[in-house]
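> Taken in sequence, the protein lines are chains A and B. The first sequence runs contiguously to residue 108 in our numbering. The second sequence runs contiguously to residue 501 in our numbering.
Keep in mind that the hints were calculated from the coordinates and are not lab data. There's no promise every hint is true.
Quick list of simulated restraints, FRET-style, between CB atoms [stated by the list, open to error]:
no. : chain 1 : residue 1 : chain 2 : residue 2 : range
1   : A       : I88       : B       : G105      : 52 to 60 Å
2   : B       : I425      : A       : E97       : 36 to 44 Å
3   : B       : L205      : A       : L7        : 16 to 24 Å
4   : B       : P473      : A       : L8        : 55 to 63 Å
5   : B       : L205      : A       : Y18       : 23 to 31 Å
Just so it is clear, CB atoms sit at the ideal spot from N, CA and C, and this is done for glycine as well.
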Amino acid sequence: MEALLSLLIGVMTACGVYMLLRGRTFPVVLGLTLLSYAVNVFLFAMGRLTIGRPPVIDEAVSQYADPLPQALVLTAIVISFGMTAFVIVLALKARAELGNDHVDGERE
Amino acid sequence: MNHLVIAPILLPLIAGIVLLLLRRTALPFQRSLSLIALLAQVGVALHLLQSVLEGPLRVYALGNWQAPFGIVLVADPLAAWMVLITALLALFALLYALRGGDQAGRHFHVLFQLQLFGLQGAFLTGDLFNLFVFFEILLLASYGLLLHGSGPRRSRAGLHFVVLNLAGSSLFLFAVGTLYGTFGTLNMADLAVHISRASADQQSLARLAGLLLFGVFALKAALVPLHLWLPAAYAAATAPVAALFVIMTKVGAYGILRLDVLLYGNGVLSDLLDAWLLPLALLTLGLGTLGVMASTELRRQIAWLVVISVGTLLTAFALGGVNGIAAGLYYLPHTTFAGAAFFLLADSLAHRRGEHEDHLVPHARLADRRLLGGLFFTVAILVAGLPPLSGFIGKFLILRAALDTPAATAWVLAIVLGGGLLTIIALARSGSLIFYRSHPAEHGTATGQLWPELLPATGLMLLCLGLMIAAGPIDGITRLIAEQLMQPEIYIQAVLGGTGT
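So here's chain A without its partners, still in its complex pose:
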């Protein structure tokens, strides 16, 4: 399970970085989204992968899931969601003002 998850994070990060380096704004936005997915899964995994353990104190159990990474991921998701919305609007604005969707606003 750990190997699969780390492979998944690695592939997503690599795809995200590749698309981030493209010349048009749409792939760049997609790249940022992929990168933030990879970060979120990575943060989530930092609490270790556990199954069937409660995150809050319960007298019946002795093993807990770490609740903190879940709170961190929640924050990170909200922020990256807002940022993605913003960057899409900005990309549209740049497309309208510069006349094309190249990140440098240049015609080829």
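With chain A's structure known, arrange chain B on it following the hints.
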């Protein structure tokens, strides 16, 4: 519990929210509200600095959740120093914006206050994830401010700035996640304890996370080779925004300093940045100088001067020791105020030069050339670091600190002094192009409203003058801050009390 520590964060937040709610009210009302909020922030920042210099550093546990479990705000002398510099800079930037710059787009005052909220929070927080959140707040506000006034040039510069910083935020989260996964804590004091005692298999992960964090802070500070976004972004921003943004690179420098002396200050990984910081800082200085020489517009030239100032500042921090850090902390307010004053002055010049704006080409003679030229001359001397003004004292302190590190002395002396000389040449060329090589025809008439417009820039220069006159006492303060920084156990003890894990 004393609530003074959280006041510099709450004031701009509340002011921002109130301004957002009152956005339909009359403009003079909004302006005075924004100004009053900033004056209050300057007062609070002064009070905070005085209290932490005289007494012990102050820790504020949010919701009374004790460290390392809750989020804490820590006002140590360094944080209070940065808070004060930010508040003073923002005050003068806002005064300039009140001349009409705040009308170029919508919600200027709201974004301005929220930007301050993010900046002050980033300086005061004692929690790494909370630092990330405050970084995002200040960045989101800065995106809005950068695009303030619109136009294709700003959209293009803004797009680069936003995409780069979003990629930087992802790296920040990777680093934070790695540190949490390795040590199980995010409190900076607690992390410092854990990192200093890292076991062999934790060391490589901690080193990786530390260098990732360094990369993120270097991006914010515009350290070479991550500096390419800065000249375009700063040159495209409106003048008050560019003046405020001068402090943003210093946030990155602050992060690097915290990383170097607190998080990785002691123990097995204390050599984390040794191989990187000084060469990169000197390279930044050198490349920044070339950028200043090559610029064809005044505002772009000033943006490159900001790159130089980051290089000089980080050179001082890299030299380390009480002398190096104290010199950097003296140079920091000087370079912030001088750079901001230069941006404001360049805007006044650009307004008077018609279609040529701030392009460095001959233009019709300016009506107010004596006053503007005099101010240009003063600010150029300040920035280039010629005696007797505060730039010289800052550079002198840095060079003196370099003498403590024999291996680096020759490099630092050569690059700082050589860079200073080339900066003077470049600024002399710009000044003579703008003021001397002009067509004889008078251009425009004296507006009579010159002083109100130049007041903020002059005020910032007067602050630099104050830094020069009070160099002795201020050097004493920065020395105190540096001495305290070099003993991270004071910080750790104050945050964790006796209960450090």
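> Hint numbers the structure violates, sorted upward?
Number 1 - this is the single hint that the structure violates.
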